[in-house]
Amino acid sequence: DAGVIQSPRHEVTEMGQEVTLRCKPISGHNSLFWYRQTMMRGLELLIYFNNNVPIDDSGMPEDRFSAKMPNASFSTLKIQPSEPRDSAVYFCASSKTSGKETQYFGPGTRLLVL
Amino acid sequence: GDSVTQMEGPVTLSEEAFLTINCTYTATGYPSLFWYVQYPGEGLQLLLKATKADDKGSNKGFEATYRKETTSFHLEKGSVQVSDSAVYFCALVFRGSQGNLIFGKGTKLSVKP
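Listed in order, the protein sequences are those of chains D and Y.
According to my numbering, the first sequence is numbered sequentially starting from 291.
According to my numbering, the second sequence is numbered sequentially starting from 516.
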């Protein structure tokens with residue numbers, strides 16, 4: 291299996307622009323997670339889906355952030371409009387649906403908002 | 516609420532030294548426990564896990580034992596290598612939950628030759 295795939299790997303944009311991050315989970319995994327990692331705040335869970343349905347989005351910082359999972363093999367995280375404080379590494383992870391199952395992480399998208 | 520507390524880093528060791536990274540948790544119920552490792556510029560990878568009390572997870576010379584009585588899951592390795600330099604995250608997840616991990620803040624390990 292190719293593992294969790296994220297694109298782009300790096301994104302540089304200007305403040306106010308829309309940013310879309312993409313994730314393809316491992317085939318057969320029913321749960322998908324979006325995380326943000328910064329030096330100041332560490333690793334934060336933004337939102338997670340189970341069977342394509344958002345279960346908990348309490349970690350989404352504000353209305354500028356939105357996430358969708360239109361099917362089992364694709365998810366997007368969108369920031370509109372972007373701000374410099376959104377600069378971070380964004381990780382997607384997937385797992386089989388179960389409280390015991392391991393999460394598998396993608397390589398991350400490094401976002402820089404100027 | 517449920518939480519994971521790790522020792523603060525950075526931790527700097529010489530090659531072949533003994534490593535301990537402390538991890539304790541606060542949780543209602545009986546979670547599964549994990550150690551993830553993040554090498555520079557990469558995503559997190561599962562290092563080891565334990566799903567019930569007294570279980571020992573092990574991988575690549577690393578070990579951690581699920582201690583219910585002390586609510587701990589300390590990571591140990593008898594002889595570290597330069598290639599072990601990374602950030603280590605302790606995490607828990609509740610059985611029967613939707614699987615969302617609760618992570619500690621991470622401990623950066625640097626191993627010098």
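Derived by calculation from the structure, the hints in this document are not laboratory data.
Owing to the predicted nature of the structure, the values given are computational and were not obtained by experimental measurement.
You may find that some hints are simply not true.
Said to hold, decoys possible - If you only want the chain Y side, here are some residues facing chain D, beta carbon under 7 angstroms, derived: (1) P555; (2) L559; (3) L616.
Just so you know, even glycine gets a beta-carbon here, dropped at the ideal spot from N, CA and C.
Results for each hint:
Annotation: interface hint on P555/Y violated; nearest CB of chain D at approximately 12 angstroms, more than 7 angstroms. Of the supplied interface hints, the one on L559/Y holds, with its beta-carbon coming within about 4 angstroms of a beta-carbon of chain D, less than 7 angstroms. Checking L616/Y against chain D: minimum C-beta separation of about 6 angstroms stays under 7 angstroms; hint holds.
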